[in-house]
Amino acid sequence: MTRQVRPARGSHGAVLAQTRALAEHRGELVAQLRAEIGLPARPNGRAALVILMGFPGVGKTHCARLLAARIGAAHVATDQLRSRLFIAASYAAEENRAVFTLAETLVDDLLAQGHVVVLDATNLIASNRAPMESVASRRGAALLHVLVVADDAEARARLAARAVARSEDDHSDADVGVYERMRERGFEAPERFVELRNGVDLTSEIERVAAALS
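Quick note on numbering: our numbering labels position 205 of the sequence shown as 230, and the sequence is numbered without any gaps.
FYI, nobody ran anything at the bench for these hints, they're computed from the structure.
Be aware that a few hints might be false.
[Unchecked claim] What follows is a set of in silico ranges between Cβ atoms, one per label pair, in the way DEER data are often shown:
hint	residue 1	residue 2	range
1	A185	P65	29 to 37 Å
2	D226	P65	24 to 32 Å
3	V219	E129	16 to 24 Å
4	T228	S159	32 to 40 Å
5	E213	E53	31 to 39 Å
6	R163	N69	15 to 23 Å
7	A66	E213	31 to 39 Å
8	R217	E129	29 to 37 Å
9	R181	T228	38 to 46 Å
10	T126	V189	18 to 26 Å
11	H87	E61	34 to 42 Å
12	E232	Q57	31 to 39 Å
13	N121	R233	28 to 36 Å
All residues carry an ideal CB built from backbone N, CA and C; glycine is no exception.
Let the sequences and hints guide you as you build the complete structure.
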């Protein structure tokens, strides 16, 4: 893995200025992001939204990439969007709103075109999932919630390894401290969801989730 040095977090004033600029150019940004995330050659034709949920370190992004490749979906990762939009992420409320508003706009645009979308974020709290669920409902898209899980020791090991070295395509800043705080807050489960275990049988797990969507 390649060691990456993250810049210091920006000031509150800088965050406000940047979020205002993002709001003013949202349409242009969505067009750019569509090109950057690597869409399937053609839309599936039956719009669907897969909302991944899970604690940091369980391997959501790895699972999201495998699932997106398996079902021909667009992969929208909020960590990647944040890294793309903010050189020095602050995780301030204004920044979070900007990231998730842009993600909603991007997902809405993709669903409108008939794409299947895999949304990659922690999504542990019901109120955080609600806006995307509303987008899917408005577009008449199928909706599937998937909880990604892994052994506690494995999740902690991944997060500890990230603190030492990270790959270039790892856009998350979450560490063991973030993991523990989220575990304390807990998981607000949707009424129905599929569990995907990231482990030795991951290929079979991906197939099972793909079947649940069909």
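For each hint, the structure was consulted:
no. : hint                    : verdict
1   : A185 - P65: 29 to 37 Å  : holds, 35 Å
2   : D226 - P65: 24 to 32 Å  : holds, 26 Å
3   : V219 - E129: 16 to 24 Å : holds, 23 Å
4   : T228 - S159: 32 to 40 Å : holds, 33 Å
5   : E213 - E53: 31 to 39 Å  : holds, 35 Å
6   : R163 - N69: 15 to 23 Å  : holds, 18 Å
7   : A66 - E213: 31 to 39 Å  : holds, 37 Å
8   : R217 - E129: 29 to 37 Å : violated, 22 Å
9   : R181 - T228: 38 to 46 Å : violated, 24 Å
10  : T126 - V189: 18 to 26 Å : violated, 34 Å
11  : H87 - E61: 34 to 42 Å   : violated, 19 Å
12  : E232 - Q57: 31 to 39 Å  : holds, 33 Å
13  : N121 - R233: 28 to 36 Å : holds, 32 Å
Checked against the numbered hints listed earlier, the structure breaks hints 8, 9, 10, 11; every other hint is satisfied.
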